[in-house]
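2 protein chains.
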Amino acid sequence: MNDQSIASFLDALASKASTPGGGGAAALMGAQAAALVSMVCNLTLGKPKYAEVEQEMLVLLSAAEALRSQLTDMMQADVEVFNAVMAAYGLPKATDDEKAARSAAIQTALQAATDVPLACAKACAEVLKLSRVAAEKGNLNVISDAGVAVMAAYAALKSAALNVYINANSITERSFAEQRLAALAEVLAGVELEAEDIYQLVKQKL
Amino acid sequence: MNDQSIASFLDALASKASTPGGGGAAALMGAQAAALVSMVCNLTLGKPKYAEVEQEMLVLLSAAEALRSQLTDMMQADVEVFNAVMAAYGLPKATDDEKAARSAAIQTALQAATDVPLACAKACAEVLKLSRVAAEKGNLNVISDAGVAVMAAYAALKSAALNVYINANSITERSFAEQRLAALAEVLAGVELEAEDIYQLVKQKL
Chain Y
22 MNDQSIASFL
32 DALASKASTP
42 GGGGAAALMG
52 AQAAALVSMV
62 CNLTLGKPKY
72 AEVEQEMLVL
82 LSAAEALRSQ
92 LTDMMQADVE
102 VFNAVMAAYG
112 LPKATDDEKA
122 ARSAAIQTAL
132 QAATDVPLAC
142 AKACAEVLKL
152 SRVAAEKGNL
162 NVISDAGVAV
172 MAAYAALKSA
182 ALNVYINANS
192 ITERSFAEQR
202 LAALAEVLAG
212 VELEAEDIYQ
222 LVKQKL
Chain V
22 MNDQSIASFL
32 DALASKASTP
42 GGGGAAALMG
52 AQAAALVSMV
62 CNLTLGKPKY
72 AEVEQEMLVL
82 LSAAEALRSQ
92 LTDMMQADVE
102 VFNAVMAAYG
112 LPKATDDEKA
122 ARSAAIQTAL
132 QAATDVPLAC
142 AKACAEVLKL
152 SRVAAEKGNL
162 NVISDAGVAV
172 MAAYAALKSA
182 ALNVYINANS
192 ITERSFAEQR
202 LAALAEVLAG
212 VELEAEDIYQ
222 LVKQKL
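Heads up: the sequence lines are chains Y and V, in that order.
The first sequence begins at 22 in this note's numbering and counts up one residue at a time.
The second sequence begins at 22 in this note's numbering and counts up one residue at a time.
Quick caveat, the hints were computed from the structure, so don't treat them as lab data.
Treat each hint with caution, since some may be false.
[To be verified] Stretches of chain Y that chain V covers, calculated by requiring three or more beta carbons in the stretch to come under 8 Å of a beta carbon on chain V:
(1) 115 to 126
(2) 196 to 208
[Claimed, not checked] Some chain V residues flagged as far from chain Y (calculated, every beta-carbon gap over 12 Å):
(3) Ala28
(4) Ala109
(5) Leu112
(6) Ala115
(7) Gln128
(8) Ala130
(9) Lys158
(10) Glu199
(11) Arg201
(12) Ala204
(13) Tyr220
A virtual CB, placed ideally from N, CA and C, is assigned to each residue, including glycine.
All chains, full assembly: derive it from the sequences and hints.
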């Protein structure tokens, strides 16, 4: 999927095909956010003016690149879990045994389809935190890129959340669903104010 | 640029190269938002249950596709105006005549570098409006995609705004800069509340 051109990804996103959809777009926005944090690091490292934060930028870059890798992988994972849900719905349901097996397969697939966007949301929350360090300590010449990173991470996080909600709603094992919704609520707590705060910090530095 | 793979775009974004940067990422997020509005249209059109909104979805799809095309073009335009600014800074400045010519070239390039993100912000504000129609009238099965569209358009708009601010700050012809900042303020007015309102509308429909 990452080998696909941007133009063909956007065409597929716009088409009536169910995948890629909002889940893939969320993961791509998260990956863009991580890439922009890395860009700020790469344009801060090695500059005498920023020698004091060299070590911190190396750590930040390493964290951002690990998250970027996770988030790009999630674009594909999102397609796979969606297809698994569709495949489960397509199982035969002529006999009671088949019906039971089909229901169980649907529930298993929905659980995976909830866990992927939850993992995406968590990764985006991490990128959001990293964007604060980039905004606070990165090269002033590229500080606007830290501001774009925070907005992209925020949008990706809120987007992934929608995909957790929609799948959790269809899960019959309520303890599983409630646990995942609670984990999501924890990830989302305070994120609006945090994103706005980092954005304003960047804006003031321009 | 749109022929580039997603993986190589993200690598270039993360790298120490100045382009692509936040401006390109903003345009790509805007294009993703427009593509997701189109997706909702394409999965609503032709469904008997949504026959009543068929005509409205056709108009919405056409508007979203026009904006997607504009926004993908802006990814390349952002690179070009940035390169023009850099080229102007690189002009000779040995004599007074050269200095004057260089300053004039820098200012001309900065004006173009302000107008591209302003146009991007305007296009994203349009996509944001379209995402409300998708959220209100689109196929309920893909309503979460309208929610991702609104977040992507919002993040793209706020990101493009940073690139207007940063370039406008360096423009010496203050009437030009003030006019562009006023136009941007108009585009941004009320956008936080509007985005949150559409997002909540989607969340309630899940």
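Going down the list of hints, with the structure as the test:
{"no.": "1", "hint": "115 to 126", "in the structure": "violated (count 0)"}
{"no.": "2", "hint": "196 to 208", "in the structure": "violated (count 0)"}
{"no.": "3", "hint": "Ala28", "in the structure": "violated (4 Å)"}
{"no.": "4", "hint": "Ala109", "in the structure": "holds (16 Å)"}
{"no.": "5", "hint": "Leu112", "in the structure": "holds (20 Å)"}
{"no.": "6", "hint": "Ala115", "in the structure": "holds (25 Å)"}
{"no.": "7", "hint": "Gln128", "in the structure": "holds (18 Å)"}
{"no.": "8", "hint": "Ala130", "in the structure": "holds (16 Å)"}
{"no.": "9", "hint": "Lys158", "in the structure": "holds (17 Å)"}
{"no.": "10", "hint": "Glu199", "in the structure": "holds (16 Å)"}
{"no.": "11", "hint": "Arg201", "in the structure": "holds (14 Å)"}
{"no.": "12", "hint": "Ala204", "in the structure": "holds (17 Å)"}
{"no.": "13", "hint": "Tyr220", "in the structure": "violated (7 Å)"}
When held up to the earlier numbered hints, the structure conflicts with 1, 2, 3, 13 and fits the remainder.
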